[in-house]
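Chains as they are written, first to last, in this note's numbering: chain A, 1 to 182; chain B, 1 to 190.
FYI, nobody ran anything at the bench for these hints, they're computed from the structure. Since the structure is predicted, the reported quantities are computational estimates derived from the model, not experimental observations. Careful: at least some of the hints might be erroneous.
Result set (BS3-like, lysine-lysine): computed pairs, CA atoms no more than 27 Å apart in a straight line [said to hold, decoys possible]:
(1) B:LYS175 <-> A:LYS147
(2) A:LYS179 <-> B:LYS175
(3) A:LYS147 <-> A:LYS179
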Amino acid sequence: MHDGRFDPSGFYEFNLTGGMVRARTGERVVILSEDVLSSLVAAAARDGDLTPLRRLGELLGEQVLGGLDRPASVLSPEAVLGHASAVTALFGWGRLAFERWGSALVVALRDKPELDEDELGAAALLGGMFSEISQRQVSCVPTGDSKFIMVDFEVAETVWGWFKDGADLPAIVGMLETKRAS
Amino acid sequence: MSDREDRLRSLLDKVRAKRPDERATRAADALERIRTASGTTAAAAVQSSPPLPVQSSRPVPVQSSRPPASTVPPTRVPSAFPTELPSSPLPEPPTSPALDSPTRYSSQPPQVERPLSIEPRARSIRPSSPSGAHSGAPVAAPSSRRPESIRPQSVSPSGQPVVYATDPPEFPRAKTFGDLLDQTLSLRPR
Chain A
1 MHDGRFDPSG FYEFNLTGGM VRARTGERVV ILSEDVLSSL VAAAARDGDL
51 TPLRRLGELL GEQVLGGLDR PASVLSPEAV LGHASAVTAL FGWGRLAFER
101 WGSALVVALR DKPELDEDEL GAAALLGGMF SEISQRQVSC VPTGDSKFIM
151 VDFEVAETVW GWFKDGADLP AIVGMLETKR AS
Chain B
1 MSDREDRLRS LLDKVRAKRP DERATRAADA LERIRTASGT TAAAAVQSSP
51 PLPVQSSRPV PVQSSRPPAS TVPPTRVPSA FPTELPSSPL PEPPTSPALD
101 SPTRYSSQPP QVERPLSIEP RARSIRPSSP SGAHSGAPVA APSSRRPESI
151 RPQSVSPSGQ PVVYATDPPE FPRAKTFGDL LDQTLSLRPR
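Bound conformation, chain A alone:
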């Protein structure tokens, strides 16, 4: 049985002679300041291409999967959240939490770096991370207050439009219904 705990020891390998920092899984990582990263993300959001951030989220998801001994789908939400929040914190992306709003799973990312006003950079990061963790296409749509509703990628644009029109999270959840298997 998996104890659900994340061991952060030895997560980073600092190679001072080689001038490199590698994560536990071997990927080379670069430490950036928040100001530099926010300017890069803001430029990417203006261009409409947040693929690098989604790719970064996938790398974080790989780190999470590397610490799990079983597929995330069979683990408890607490176990998955424990590993995901630890990896997110190790990369300096804030505090991760889960919330349930009816049938909707909402991801809260507190104290995250201030990237762009619409929080699309964090949404891309979370979407890539949970897509990698769940091995399914997941979209995390910003709903304000550092919360992101996790929905299928087919309805992501619709939910994003609701939020841009002024709907808050309870209203968005109320406008969604579970698609029953026919």
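Mind docking chain B on chain A? Use the hints.
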């Protein structure tokens, strides 16, 4: 005889003349001394007392015993505190209810937790219930309420706040992360 009488009369006159003069002058001197000193007879008595304290100052223990009896000031000082002491506890009561109001605010959370502490109350009722006529009915009622109120709270994933939408009772309770994903990814616009 005349000579004798003359001599005697002269002697008597001399004596009478000397004595009343001396008494009058002595009394007059005393009166003048008193009047010049304080101007009142009471002050004259006070002036007459100074020689007494000088004599009483010699026996020290006697003086030490007299002051506590005659030391009015120490008795007056404690008499002044009691008048202040009852006055001080009187203003305290109005301050104590002011302190009770913040305790009321702090007592609200425990009141919210009381529903969770129904179990010890029900247990305390059980031993007393056998003595009463109705023993089973009051115990069965709280036991039937417990699972209804506790279960929905304990099912919340990872202890995060659960906010139910319009139709919360329809979805099945998810136990795994995969179940949560299935539910949230199956959401579609109405």
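Numbers of unmet hints, in rising order: The structure conflicts with no hint, since it agrees with every one listed earlier.
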